[in-house]
Amino acid sequence: MAGGRQSRYAYLILGLPLFAWFVLVYGGCDYLIGLHDYRVPLYFAFELSIPFVPATVLLYHSLHLAYSITPYVLRTWPELKAMVLVWALITLAAAPVVLILPFEVGYPPPAASELGPWRVLYELADDANLRYNSCPSLHVAWSIVCIDVFAGKAGRVGKVLLWGAGLMLSTVLLHQHHLADVAADFALTMIGSRIL
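Residue numbers (the working numbering): 1 to 196.
These are computed hints drawn from the structure, not numbers from a lab.
Quantities reported herein were computed from a predicted structural model and do not represent experimental measurements.
Certain hints may be false.
FRET-style restraints, in silico, Cβ to Cβ [unchecked claim]:
id, residue 1, residue 2, range
1, Leu-89, Ala-151, 17 to 27 Å
2, Leu-16, Leu-48, 33 to 43 Å
3, Ser-62, Gly-28, 23 to 33 Å
4, Pro-78, Ser-113, 21 to 31 Å
5, Leu-85, Ala-112, 40 to 50 Å
6, Phe-186, Gly-27, 19 to 29 Å
7, Ala-151, Pro-108, 11 to 21 Å
All residues carry an ideal CB built from backbone N, CA and C; glycine is no exception.
Could you build the full structure based on these sequences and the hints that come with them?
In structure tokens:
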């Protein structure tokens, strides 16, 4: 697949259905969990002392850049379809876990003074996360798929892996996820990436 025109088709033909699937599954789980009060605390007490680092929101949002460049990294329809299928299957596989282990992050919401110039970007991330869909973290899962696939395509694997480590760390430093989320997603995604 070469050229901008075919990449636009990839966004339309593969991206929009994937987005709709994500909203249906992710939003549906959040809605169902909101109907009851049962919650499972999936974090250690020491995690609540992890510092809040709002500037890591840039790394956190870098996943959106990864989505947008995927049609330029994966140059064939079979590669793109496989990537989208793995993202869709990971989303589906996460749903029962989210429903069985409904979880809210344990961190208190940051004060406006803590957000500084990062307020708008943080609020975008926080709103998109909804409320209860924390473990497994699809943000981490989808990023690990990108890391795994892009590293195989990149000449400089180390830079891709470093970006991925930073992105995963940002989910904790932004107080959007806990260590259990990251670990659960790493395991889930390694299975998904092997399928790809």
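Consistency of the hints with the structure:
| no. | hint | verdict |
| --- | --- | --- |
| 1 | Leu-89 to Ala-151: 17 to 27 Å | holds (20 Å) |
| 2 | Leu-16 to Leu-48: 33 to 43 Å | holds (39 Å) |
| 3 | Ser-62 to Gly-28: 23 to 33 Å | holds (27 Å) |
| 4 | Pro-78 to Ser-113: 21 to 31 Å | violated (50 Å) |
| 5 | Leu-85 to Ala-112: 40 to 50 Å | holds (41 Å) |
| 6 | Phe-186 to Gly-27: 19 to 29 Å | holds (24 Å) |
| 7 | Ala-151 to Pro-108: 11 to 21 Å | violated (36 Å) |
Checked against the numbered hints given earlier, the structure breaks hints 4, 7 and satisfies all the rest.
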